[in-house]
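Those sequence lines, one after another, are chains A and B. Residue numbers are given in my numbering: position 17 of the first sequence equals residue 16, and the series is strictly consecutive. Residue numbers are given in my numbering: position 215 of the second sequence equals residue 216, and the series is strictly consecutive.
Worth flagging that the hints you see were computed from the coordinates, not collected in a lab. Some hints here could point you the wrong way.
DEER-style ranges, computed between Cβ atoms [claimed, not checked]: (1) A:D107 with B:V174: 18 to 24 Å; (2) B:L105 with A:G51: 47 to 53 Å; (3) A:N103 with B:V284: 14 to 20 Å; (4) B:M29 with A:T193: 33 to 39 Å; (5) B:Y354 with A:K72: 34 to 40 Å; (6) B:F260 with A:P242: 45 to 51 Å.
Some but not every residue of chain B turned toward chain A, in silico, with C-beta under 8 Å [said to hold, decoys possible]: (7) Y37; (8) S45; (9) W50; (10) L108; (11) Y120; (12) S125; (13) F128; (14) I132; (15) G136; (16) K313; (17) G316; (18) L347.
Remember, it's a predicted structure, so these values are computed and weren't measured experimentally. Note that CB positions come from ideal geometry on N, CA and C, so glycine has one too.
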Amino acid sequence: MKKDRRDFLKIAGLAAVAGIGAPSAFGSLLRGSDEALAAAPAAGGEEAAKSGKRLGMVINVRAFAAQPELAEKCTEVCHSIHNVPDFGNPKDEIKWIWKDKYNNVFADSSHYKRPGGLAEVPVLALCNHCDKPPCVRACPTKATFKKSDGVVAMDYHRCIGCRFCMAACPYGARSFNWRDPRGKDENGNPFIKTLNPKFPARMRGVVEKCNFCTERLAVGQIPACVEAVAGTGAMFFGDLNDPNSEISQILSLYYTVQRKPSLGTYPSLFYII
Amino acid sequence: MIEKALTGSKGYWAWMIFLLAIMGMGGMFYTQQWNYGLGITGMSRDVTWGIYISQFTFLVGVAAGGLMLVLPYYLHNYKEFGRITILGEFMAIAAVIMCLMFILADLGQPIRALNVMLYPTPNSMLFWDMIVLNGYLFLNVVCGWAVLHAEYKGVKYSSWVKKLILLSIPWAVSIHTVTAFLYCGLPGRHFWLTAILAPRFLASAFAAGPALLLVVALIMERTTFFKVGQVAKDKLVTIIGYAAIINFFFLACEFFVGFYSNIPGHMHTLEYLFWGLSHDGHVYNNLVPFMRASVVMGIVGIALIFVSRSKKSDGLLAASCVLIFLSLWIDKGLGLVLGGFVPNMLEQVTEYYPTVPEIGVTAAIWATGFFVLTLLYKVAISVKLEKES
Ligand code: SF4
Ligand code: SF4
Ligand code: SF4
Chain A
0 MKKDRRDFLK
10 IAGLAAVAGI
20 GAPSAFGSLL
30 RGSDEALAAA
40 PAAGGEEAAK
50 SGKRLGMVIN
60 VRAFAAQPEL
70 AEKCTEVCHS
80 IHNVPDFGNP
90 KDEIKWIWKD
100 KYNNVFADSS
110 HYKRPGGLAE
120 VPVLALCNHC
130 DKPPCVRACP
140 TKATFKKSDG
150 VVAMDYHRCI
160 GCRFCMAACP
170 YGARSFNWRD
180 PRGKDENGNP
190 FIKTLNPKFP
200 ARMRGVVEKC
210 NFCTERLAVG
220 QIPACVEAVA
230 GTGAMFFGDL
240 NDPNSEISQI
250 LSLYYTVQRK
260 PSLGTYPSLF
270 YII
Chain B
2 MIEKALTGSK
12 GYWAWMIFLL
22 AIMGMGGMFY
32 TQQWNYGLGI
42 TGMSRDVTWG
52 IYISQFTFLV
62 GVAAGGLMLV
72 LPYYLHNYKE
82 FGRITILGEF
92 MAIAAVIMCL
102 MFILADLGQP
112 IRALNVMLYP
122 TPNSMLFWDM
132 IVLNGYLFLN
142 VVCGWAVLHA
152 EYKGVKYSSW
162 VKKLILLSIP
172 WAVSIHTVTA
182 FLYCGLPGRH
192 FWLTAILAPR
202 FLASAFAAGP
212 ALLLVVALIM
222 ERTTFFKVGQ
232 VAKDKLVTII
242 GYAAIINFFF
252 LACEFFVGFY
262 SNIPGHMHTL
272 EYLFWGLSHD
282 GHVYNNLVPF
292 MRASVVMGIV
302 GIALIFVSRS
312 KKSDGLLAAS
322 CVLIFLSLWI
332 DKGLGLVLGG
342 FVPNMLEQVT
352 EYYPTVPEIG
362 VTAAIWATGF
372 FVLTLLYKVA
382 ISVKLEKES
């Protein structure tokens, strides 16, 4: 308990440095996430699963605004350790985590006059590891499935490449291997620059996406993107259902938003704007 | 009975060889796709389904459309359709075969297709679609063949066949309903997220299926001694005409909901399809000419089909059926599936253009369908003419 508290104070301090500032009266009024509020009518007033583990992430957009190069760093590290190929064109593109414009990531939210250049801030987008994931519902082979810790994972060897999950995901989080990711371009450069032998490279014709670094979690590490920005207060990771976890504390301190909460997918990704 | 397909006129053989040539050409393109991957098509991260899946969607309708011949005859004992119900059943066979081929062509890992059965997943609509499509294929093969064989032997088909035929009636509705559920249950795809998607599919199916059948039947009237019969033709005109009218009524309903509610997500795709969507200073409108042509052809077709009935003109009838069929093909076989991906989930726009190999494979699958259809119709017509003479 004591340790948790100390950690938490540290985080709060870091967060302040990163420009979140002390929680205002307004912040405490809006305490907690807006998940229950936003999805309440659709889900009959009930919030998504409160029992069991539910891993989630907080992305602090303010920290990324202060240090825009962080976003690139996250993408870089994730794509290199996960053998994500670079085909050099948007048509074949595969991406697990990427920066996009605020207006696109939060396409349905409206700010008539956006504060302080928000439109220019790089906002990270990745799989939301939804608590009620439509991609899992749509998959005809269980190649996409939800693990007991809340991670939405994939079995690349079972996927038939029907891309039903891509139509079903309302966040554009999934990519398809339109061609062989292990191949080379016309100049003989491999699409995967340096192969990480510790992680499987995919084959042609299957879908892939962020796996919340489940292979790292298994050995007690945190997701690589979160690790890459450690010490900046830009990203937090942990069990949303554990009231003592760092991420729970952050969520109860700051006003956070999810992407498209009205769709009933219950994203486990929260943004501090 | 099958030997009837092995004798035929010069025209018959020329037609079959023509189809085989297209199939061979498509096979070559498919080999390319097999070696390179689906990247050889025009599909992208944003538009993840292209003409393969949209043809599949449309052809499920053609398959279900046979119901409009089977139902009046077997349920309401409408004798005039006696000569053509078999055509409806055989068209369903050809159409479902094309559907299955289009799905296979679209899979990234076709060799793993059986995973759908090895790991049955009842929460996935694709799993159910596979069950209903294969079931429908089975029902039509068994019923169609049994009925025709009985006629060939000059006996009445056995009573279990009748039971299966009755089962095939709700089954035809199910294939198009489940296919609509593939689309209309996805959160965030506003264009598809409409409760009248299944009714829309059925309305267009009940127009497009019989329209194609009538065109083929009219061609056979010219080339063989087979006659559909004026009464049956008039009845089909009523069915096609009203189904097409209901289809356009549903489309109008979609427009009302989208534009009166003024909800952007509900308007974007309609704007993209019919006027062009402006985004970041660029207007995206590659489907606009097609969609507008679809509406014009549909309306002209509906008007003409009723004129053709009062004038008793076969030429006009064929022309109007072709117009209605093309109109619905554009509507369901292009706009519905492709439009659903514009704009994408981050409100960006990527347009889709099919590639040459993709069009080649598509043409080859259509050719396979017509090949099967011609074979089956040849057998059916020969048996019928033999019995009648
Ligand atoms: S964000 Fe998309 S891919 Fe990720 S769990 Fe949710 S629906 Fe599935
Ligand atoms: S593409 Fe693969 S993961 Fe996606 S729905 Fe099909 S089988 Fe499942
Ligand atoms: S959690 Fe892991 S897999 Fe997901 S974006 Fe971050 S680094 Fe990539």
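Q: Go through the numbered hints given earlier and state which of them the structure violates, listing their numbers in rising order.
A: 1, 2, 14, 15, 16, 17
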